[in-house]
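Chemist: If you read the sequences in order, they're chains S and D.
Those letters in the first sequence? Residues 1 to 422, per the working numbering, in order.
Those letters in the second sequence? Residues 423 to 844, per the working numbering, in order.
Keep in mind the hints are simulated off the structure, nothing from the lab.
Keep in mind the model is a prediction, meaning the values are calculated, not measured.
Any given hint might turn out to be false.
Computed spacing ranges between beta-carbons, pair by pair [as the list claims (entries may be wrong)]:
#: 1; chain 1: D; residue 1: A746; chain 2: S; residue 2: P70; range: 44 to 54 Å
#: 2; chain 1: S; residue 1: A184; chain 2: D; residue 2: L424; range: 37 to 47 Å
#: 3; chain 1: S; residue 1: S370; chain 2: D; residue 2: E593; range: 23 to 33 Å
#: 4; chain 1: D; residue 1: Q763; chain 2: S; residue 2: H172; range: 31 to 41 Å
#: 5; chain 1: S; residue 1: I330; chain 2: D; residue 2: A746; range: 52 to 62 Å
DSBU-like cross-link-like pairs, simulated, lysine-lysine; straight-line CA separation at most 35 Å [claimed, not checked]:
#: 6; chain 1: D; residue 1: K512; chain 2: D; residue 2: K467
#: 7; chain 1: D; residue 1: K607; chain 2: S; residue 2: K4
#: 8; chain 1: S; residue 1: K170; chain 2: D; residue 2: K574
Note that the Cβ used here is the ideal one computed from N, Cα and C, for glycine as well.
There are 2 protein chains.
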Amino acid sequence: MLKKIGVIGLGTVGQEVLATLKRNSSLIKRRTSLDIAVHKVCDVKRTKGKIAKKFSIPFTTDPYSIINDPEIDIVVELIGGIEPAYTLIKTSLQNKKSIVTANKALLAKQGRLIFNLAAQKGVSVGFEASVCGAIPIIKGVSEGLVGCEVDKIFGILNGTANYILYKMEKEHISFERSLSQAQAKGLAEQDPSLDVEGGDTLHKLCILIYLCYGVWPSLSKVYTEGIAGISLQDILYAQELNYRIKLLAIAKKEKKSLDLRVHPVMVPAGHPLSGVSLAYNAVTLHTHPAGELLFFGEGAGGVPTSSSVVSDIVNIASGNKAFARKEENIKLTDFNEVKNQYYFRCMVQDQPGVLAQISRIFASSKISISYVNQKMRNRGKHVPLIMITHEAREKEMKKALQEIDKLSMVQSPSQLIRIEKI
Amino acid sequence: MLKKIGVIGLGTVGQEVLATLKRNSSLIKRRTSLDIAVHKVCDVKRTKGKIAKKFSIPFTTDPYSIINDPEIDIVVELIGGIEPAYTLIKTSLQNKKSIVTANKALLAKQGRLIFNLAAQKGVSVGFEASVCGAIPIIKGVSEGLVGCEVDKIFGILNGTANYILYKMEKEHISFERSLSQAQAKGLAEQDPSLDVEGGDTLHKLCILIYLCYGVWPSLSKVYTEGIAGISLQDILYAQELNYRIKLLAIAKKEKKSLDLRVHPVMVPAGHPLSGVSLAYNAVTLHTHPAGELLFFGEGAGGVPTSSSVVSDIVNIASGNKAFARKEENIKLTDFNEVKNQYYFRCMVQDQPGVLAQISRIFASSKISISYVNQKMRNRGKHVPLIMITHEAREKEMKKALQEIDKLSMVQSPSQLIRIEKI
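Modelling step: build the complete structure from the supplied sequences, incorporating the hints.
Modeler: Structure, rendered in structure tokens:
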């Protein structure tokens with residue numbers, strides 16, 4: 001069976017999709033009896049025409065010549081960003097074409113409208129490439145775990161952030177130095193804010209939440225903290241305490257409420273997520289009845305991600321429909337009410353009475369301490385004081401932190417990293 | 423949409439399938455708009471009628487009253503073994519009913535016929551539960567990686583064998599003791615041969631091979647060695663050398679040939695597979711373009727496995743078709759010609775000249791040695807001699823082993839464990 005597709009956007013992923021479809025066309029045909037033909041490709045940059053030429057595919061700079069082409073069944077959107085991607089996807093769906101996209105930012109923001117429009121028009125949205133690059137996590141969760149309740153998700157969903165933290169620990173370098181190295185390697189953008197500040201992780205978390213609970217969380221309501229504040233010393237102290245610091249997407253469901261957040265976490269060194277190196281991604285799901293599951297693989301890069309795009313194209317071309325999830329009656333937990341265990345570090349003047357003052361502030365907020373370590377002596381100068389708390393409520397902890405940071409012997413701001421007993 | 427199913431076999435998995443379908447029926451409906459109704463259940467044991475009663479489902483001891491019932495769309499076979507399962511599945515397919523099965527032994531032996539018959543009748547075979555219990559590996563590979571070439575597979579596919587090896591290492595106990603403990607915990611059968619001798623791992627490997635290459639390997643042609651010969655001392659020496667011993671299913675594809683085997687492997691301690699504890703399962707796939715992927719989760723047990731059975735039921739009920747894979751032109755590699763690195767241990771009389779004699783035998787087979795360790799001194803008595811070879815051909819290594827085992831100062835049989843640089 002012949003299926004014609006159009007590809008909009010010839011960046012790294014787009015080019016590799018063409019390469020994979022060409023290289024593996026006979027394999028795909030043997031497995032599925034499908035012939036996938038790329039009917040037309042589009043990029044706003046006229047210079048990309050030479051890529052199209054290499055693959056002998058007609059090229060256009062006008063995306064509408066793809067989304068209005070009656071011969072094309074599936075539109076593959078690989079330009080990213082909100083506009084014009086959103087308008088192009090909407091128009092494609094209105095034209096009753098299925099779409100395949102890797103655009104997590106757009107789905108996180110407009111997923112509800114996109115999926116509703118697709119359902120209304122009876123076409124599909126393939127988005128395997130939008131979360132964890134090459135890992136078939138969308139299919140795994142939406143179809144493989146279709147009969148499961150998901151109680152908890154812990155995910156390393158951003159390869160760039162993981163790479164930066166991994167290299168800081170491995171090479172004992174600062175955040176800034178590690179970021180520059182990632183940029184030099186093409187693993188981080190010139191403006192790295194989406195990766196480093198947690199926004200990209202949040203987008204992917206929202207997509208997983210849609211799969212598990214049918215709801216699209218409002219982005220501004222999910223606590224999101226990036227890794228720019230993580231210092232090498234905290235990474236090394238975490239290591240001493242047998243933890244690794246990872247940027248995690250977290251979801252915990254309890255009855256009708258959902259605790260969602262993105263922030264750096266101290267993960268116990270024995271847990272598989274602590275061992276995720278370089279720019280790899282991994283997701284742990286706690287489910288019932290399937291138990292604990294872990295998916296691991298390449299989270300980004302044109303070559304690996306092309307696998308997910310091609311899988312979506314083939315699955316949609318074969319006529320298989322994804323399930324249209326309905327909203328679960330569920331509310332986001334207020335982050336201020338969430339309980340966590342904390343790693344707390346402040347730089348204090350090395351003089352008697354400091355610990356007493358800080359302990360008194362914690363005690364008055366009813367936060368109890370399980371571990372204290374004053375790292376070195378350096379009379380009169382600032383030295384690190386490390387504390388680990390028992391479980392405490394976020395709002396109490398923040399209040400205590402504010403008071404501590406006001407103390408004259410404390411060099412603010414103090415550091416707070418949440419510990420998860422995964 | 424209402425879909426009626428019949429369940430044959432009310433063992434642990436069957437019971438948990440009924441429980442999951444009941445508990446999660448509204449969740450399944452919200453996600454898929456499907457109502458899955460269990461129309462009838464069957465078990466040869468009349469006493470199981472009380473389970474059916476608990477779920478208010480009509481009960482029969484006659485499987486034909488399910489597979490000949492025109493109201494039933496999907497037959498779920500959970501009795502295991504070859505007969506009568508094979509006849510029941512064939513008859514169901516002939517009656518144009520889709521089937522869902524967890525029966526790896528049957529699929530490994532008769533998969534070709536079963537899938538051909540299903541294709542001919544235009545119905546589906548769901549078999550997610552046949553490999554790695556709760557892990558959605560069948561869907562992940564067959565659909566998620568549909569556009570990928572798979573170059574290598576390394577899998578811990580048998581939870582019982584992994585549990586036995588894990589406990590031997592953890593508690594410093596013998597194989598026999600660890601097996602009895604697994605039996606006492608209900609993790610190993612009274613006749614543990616399928617788990618312990620590698621047969622079950624082989625069955626699951628064959629199913630993965632079908633998914634990746636469309637071929638059903640002949641079971642007798644795949645080298646299969648179990649874990650009964652693994653002694654505690656080898657586990658401890660492996661640990662000293664920074665390895666863990668795991669029972670692995672291995673596939674390596676090179677051009678048109680496929681190297682398949684099941685045997686204990688020394689896995690480098692840093693590799694994720696080395697950390698798979700208890701009765702968990704895990705599979706690593708090396709693919710192009712998706713790169714390296716790892717799936718981890720519960721490999722057995724009624725509760726987790728019910729997730730995969732339910733996922734198959736729902737996916738088939740929704741009308742989605744699995745891809746019908748066609749055979750790749752591929753040949754099994756002769757195991758004698760395969761090259762491996764080896765851990766070799768023999769018990770030798772502690773007297774001068776032993777190492778010289780053994781080394782001479784290796785040298786005459788052109789096997790070079792990278793590491794030698796004579797573990798202790800005990801003049802006149804037998805002491806362990808550990809050697810690690812460079813890569814050598816299986817047939818040369820076996821020949822050398824035979825010669826070494828004939829030496830009067832060697833207490834045969836010697837131990838050989840293959841090392842994989844995963």
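Chemist: Taking the hints in turn, state whether each one holds.
Modeler: Against the structure, the hints:
1. D:A746 <-> S:P70: 44 to 54 Å: The hint (44 to 54 Å, Cβ to Cβ) is violated, given that A746 (chain D) and P70 (chain S) are roughly 30 Å apart.
2. S:A184 <-> D:L424: 37 to 47 Å: Distance hint for A184 (chain S), L424 (chain D) is violated at roughly 59 Å.
3. S:S370 <-> D:E593: 23 to 33 Å: 30 Å, holds
4. D:Q763 <-> S:H172: 31 to 41 Å: 34 Å, holds
5. S:I330 <-> D:A746: 52 to 62 Å: Violated, at about 39 Å.
6. D:K512 <-> D:K467: Status holds; Cα separation ~22 Å.
7. D:K607 <-> S:K4: 55 Å, violated
8. S:K170 <-> D:K574: 29 Å, holds
Hints 1, 2, 5, 7 from the earlier list are contradicted by this structure; the remaining hints agree with it.
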